[in-house]
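Colleague: So you can see what is in the structure, the chains are spelled out below.
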Amino acid sequence: MSMFPDRVRCYEAAMAGTIICIGVMSAAFAQSIPLPYTGIGRTATPAEIKAWDIDVRPDFKGLPPGAGSVANGQQIWETKCESCHGTFGESNEVFTPITGGTTPEDRVTGHVEALMRSDFPQRTTLMKLTQLSTLWDYINRAMPWNAPKSLTVDEVYAVTAYILNLGDILPADFVLSDKNIREVQAMLPNRNGMLKFEPLWNIKGSGDVHNTLCMTDCKIDAKTISSLPDFARNAHGNLAEQNRLIGPVQGINTAEVFGDATPAKKAATKVVSTAPDASDLAKKYACVACHATRSKLIGPSYKDISAKYNGDVGASAKLAAKIRIGGAGTWGTTPMPAHAAISDEDLHALAQWSLSGGQ
Amino acid sequence: MTEHNRKLLDSVTEKSGRIQRAPENFLNAVQLVEVAAGRRDFLRAAFMSAAGATAALGNRAALAESQGDPNILTLPEHSKGLGQPVATRGYGSPSVWEKNLQRRESPGLTRVGAAGVSFCPLQGLFGIITPNGLHFERHHQGWWDIDPTKHRFMINGLVKNPKVYTMNDLMRLPSVSRMHFIECGANTGMEWGNVAVPTVQYTHGMLSCCEFTGVPLSVLLEDCGFDKVKGKYLLAEGADGSGMTRTISMERALDDCFVAYAMNGEMLRPENGYPLRLVVPGIQGVSWVKWLRRIEVGDMPYATKDETLHYVDLMPDGMQRQYTSIQECKSVITTPSGGQALLGRGFYNITGLAWSGRGRIKRVDVSIDGGRNWRIARLETPILSKCFTRFNIGWNWQGGPAVLQSRAVDETGYVQPQLNQLRQVRGSRSIYHNNAIQSWQVNGSGEVSNVHVS
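Sequence lines, in order, name chains A and B.
Numbering (the working numbering) for the first sequence: 1 to 359.
Numbering (the working numbering) for the second sequence: 1 to 454.
Just so you know, the hints here were simulated from the structure itself, not pulled from any lab data.
Computed from a prediction, not measured in an experiment: that's the story for all the values here.
Fair warning: there could be bad hints in the mix.
Below 16 Å or equal to it, Euclidean Cα-Cα: the simulated EDC-like pairs (lysine to aspartate or glutamate) are [to be verified]:
{"id": "1", "chain 1": "B", "residue 1": "K163", "chain 2": "A", "residue 2": "E48"}
{"id": "2", "chain 1": "A", "residue 1": "K318", "chain 2": "A", "residue 2": "D344"}
{"id": "3", "chain 1": "B", "residue 1": "K99", "chain 2": "A", "residue 2": "E241"}
Taking beta-carbon pairs under 8 Å as the criterion, some of the chain B residues facing chain A (in silico) [unchecked claim]:
{"id": "4", "residue": "P148"}
{"id": "5", "residue": "H151"}
{"id": "6", "residue": "E237"}
{"id": "7", "residue": "R252"}
{"id": "8", "residue": "L254"}
{"id": "9", "residue": "M319"}
{"id": "10", "residue": "E380"}
{"id": "11", "residue": "P382"}
The beta carbon of each residue, even a glycine, is placed where N, CA and C say it ideally should be.
Working from the sequences, and respecting the hints, build out all of it.
Modeller: As structure tokens, then:
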């Protein structure tokens with residue numbers, strides 16, 4: 001390092017959080033120290049690094065300054081998050097619940113009691129969360145799911161604060177900011193609930209469960225303690241259709257014994273196809289997160305949409321426009337998000353498909 | 001003829017059998033008589049979709065009534081006509097007879113397909129290489145087919161010179177080609193508590209093995225002048241909506257990690273991260289960040305969403321183990337396996353796969369009596385570090401019930417555990433890292449099913 005004083009200074013500057021090293025990295029300098037792989041790659045500009053280096057670490061390094069109130073967070077939640085995660089973050093329609101399962105006592109111990117109970121049905125986000133940086137970083141980079149990286153910094157603070165308010169961790173008048181986030185970290189119900197487990201991190205570890213190499217007359221009960229119940233035999237579709245036609249074995253015809261009626265069968269035997277039809281588009285654009293063919297999820301079922309607009313000649317164009325800009329009011333107060341990125345062609349296909357009841 | 005064989009034969013020649021009648025694939029006894037009598041009109045349709053199932057099934061009784069196998073006696077179209085020209089398909093695809101082997105979802109496992117899993121059909125694969133189109137999928141925010149001319153890869157953090165590389169740059173650098181397995185940390189996760197799924201596709205199919213080609217991280221980190229004192233951890237970040245992020249130890253990174261652009265001789269498939277993904281041999285699949293856009297060198301683990309809220313192993317005392325990354329030694333018999341039926345008594349080749357995140361496979365033992373007695377299986381070569389190893393062993397099925405198991409040992413001497421041994425230490429709620437010995441029960445009629453035994 002001592003050979004390259006300019007570079008060291010540059011690196012230290014980067015460490016201090018300011019990336020001023022680029023000016024120092026003149027072309028002449030780069031040439032004076034021939035790297036083994038010359039002519040390959042180039043120095044990243046400060047703007048490029050700023051655009052991509054968005055991660056926030058457990059010690060909150062990388063957290064941009066800003067603030068957001070619980071009240072603001074509620075507004076964002078209701079317009080941009082609620083449709084998938086439920087009014088109180090309790091929904092398991094699209095993903096596991098975000099809130100629930102934590103108590104005031106947990107905030108004292110820092111270890112969620114429900115995690116110790118084998119009978120507790122769910123593991124929610126707030127039950128598991130040990131680092132507040134995790135929640136902030138993830139919402140900032142990935143949510144809303146269908147429009148990631150669309151929230152402003154202050155909006156991320158606000159909606160994070162609101163989630164913590166839903167979990168009774170922050171009061172309704174709280175304003176979360178880079179200044180007080182460490183204090184809030186110290187309030188997380190499961191902040192003490194995690195340990196770094198070296199035996200499965202370190203390649204040289206030897207694990208925590210050990211078996212022996214018994215070869216004959218080994219001590220076993222040879223009792224079957226679990227098997228697939230008969231009603232589930234066909235739950236993954238007809239296994240005959242999931243095995244090769246030839247070979248030493250053949251797939252068991254599970255449809256034959258229990259009939260084709262198992263509802264799960266259709267879902268399972270529908271192979272992961274690459275043919276782009278409208279139902280694939282609905283998957284691709286995550287319409288399926290909110291709409292199903294028959295049942296109401298967050299949005300109306302395709303069957304209901306089809307029934308409502310039956311005979312309406314202008315419906316296709318109207319629905320295409322609605323899907324594009326999103327909005328609420330026709331089916332209830334929950335809004336559909338906007339879909340700016342869908343091509344006109346796909347949009348049209350999806351509108352038609354919705355009208356046909358998702359067939 | 002034994003009662004059992006008669007049953008099997010009946011199931012072949014009559015409709016009622018449990019063994020699958022591959023649609024239109026073979027002739028029943030009546031039809032065979034018709035063939036013998038020279039009436040062939042109905043055969044055209046049958047032969048258009050024919051396979052040698054009759055012969056393969058050893059339908060001796062039926063054969064005895066005829067002059068021989070109609071698949072031999074009556075020449076098929078492909079022996080009498082002109083086949084298709086070269087380059088009919090510019091990019092070849094599997095035979096139409098192979099369409100049963102597909103990636104499939106497990107119903108109810110995830111709620112939305114863009115944050116879901118499709119499982120690899122291990123029950124029908126050979127050797128140790130997974131065909132690219134059958135590689136398992138796990139996405140958190142859907143997959144993309146990214147324009148490679150616009151893809152950029154950045155290294156920043158504790159480096160002297162933070163750099164940006166284009167795909168052209170990366171493909172100019174020295175490359176390595178290595179065969180490695182990739183296994184999702186949640187593979188076999190549905191089976192911690194009880195039997196939940198029927199076949200090896202769903203018990204073990206978040207698992208694949210390919211030859212990957214790319215640039216060692218050590219080359220790239222050197223090129224950027226990484227901090228060899230403080231730089232103990234890397235953050236790998238994807239370019240997709242989820243911006244998937246995972247912490248990698250510097251020790252692992254310098255040992256054998258690389259940024260890959262190719263798999264099995266062609267560029268990565270979009271579902272597997274085209275044009276660039278990280279390869280982290282021996283470590284759970286979530287760390288093999290797809291659509292890789294950035295690596296940051298740092299001095300502490302990053303506690304990202306998928307290493308704080310998920311991919312943490314919940315222990316009976318309510319503590320979550322974090323950064324449990326290594327996929328420990330594991331094996332599974334792929335044939336015969338759950339959901340399959342043996343085609344009659346006699347010889348079978350029991351075959352399966354073994355792998356370890358800590359190195360090479362040293363040995364695989366197979367039991368046919370639920371773990372009471374074991375025999376050492378034959379390992380096929382190559383036997384490579386952190387790669388599938390294929391094992392085989394002969395078995396004469398006498399028609400009685402059996403419970404098939406395989407038990408792998410890796411070069412560290414670690415022995416694949418039994419499910420109850422795992423449960424004693426970790427309970428049954430941890431979701432991740434279930435590397436238990438798998439049991440397949442064979443019943444008297446040859447049907448194989450997934451069971452847990454004690």
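Colleague: Now tell me, hint by hint, if it's right for this structure.
Modeller: Quick rundown of the hints versus the structure:
Under the criterion of a C-alpha separation no larger than 16 Å, the hint pairing B:K163 with A:E48 is consistent with the structure, at around 10 Å. In summary, the hint linking A:K318 to A:D344 is supported, as the alpha carbons are separated by about 13 Å, within the 16 Å threshold. With a C-alpha separation of about 9 Å, the suggested pair B:K99 and A:E241 falls inside the 16 Å cut-off, and the hint holds. Given the 8 Å rule on beta carbons, the hint for B:P148 is violated: about 16 Å separates it from the nearest Cβ of chain A.
Interface hint at B:H151: violated, since its Cβ lies 13 Å from the closest Cβ of chain A, which is beyond the 8 Å cut-off. Interface restraint check for B:E237: the shortest CB-CB distance to chain A comes to about 7 Å, inside 8 Å, so the restraint holds. Given the 8 Å rule on beta carbons, the hint for B:R252 holds: about 7 Å separates it from the nearest Cβ of chain A. Hint status for B:L254 relative to chain A: violated, with the closest Cβ pair at about 12 Å, above 8 Å.
A distance limit of 8 Å between C-beta atoms decides the matter here; for B:M319 the minimum to chain A is near 6 Å, and the interface restraint holds. The criterion of a C-beta within 8 Å of any C-beta in chain A is not met by B:E380, whose closest approach is roughly 17 Å, and the hint is violated. At about 21 Å, the closest approach between the beta carbon of B:P382 and any beta carbon in chain A exceeds 8 Å, and the interface hint on this residue is violated.
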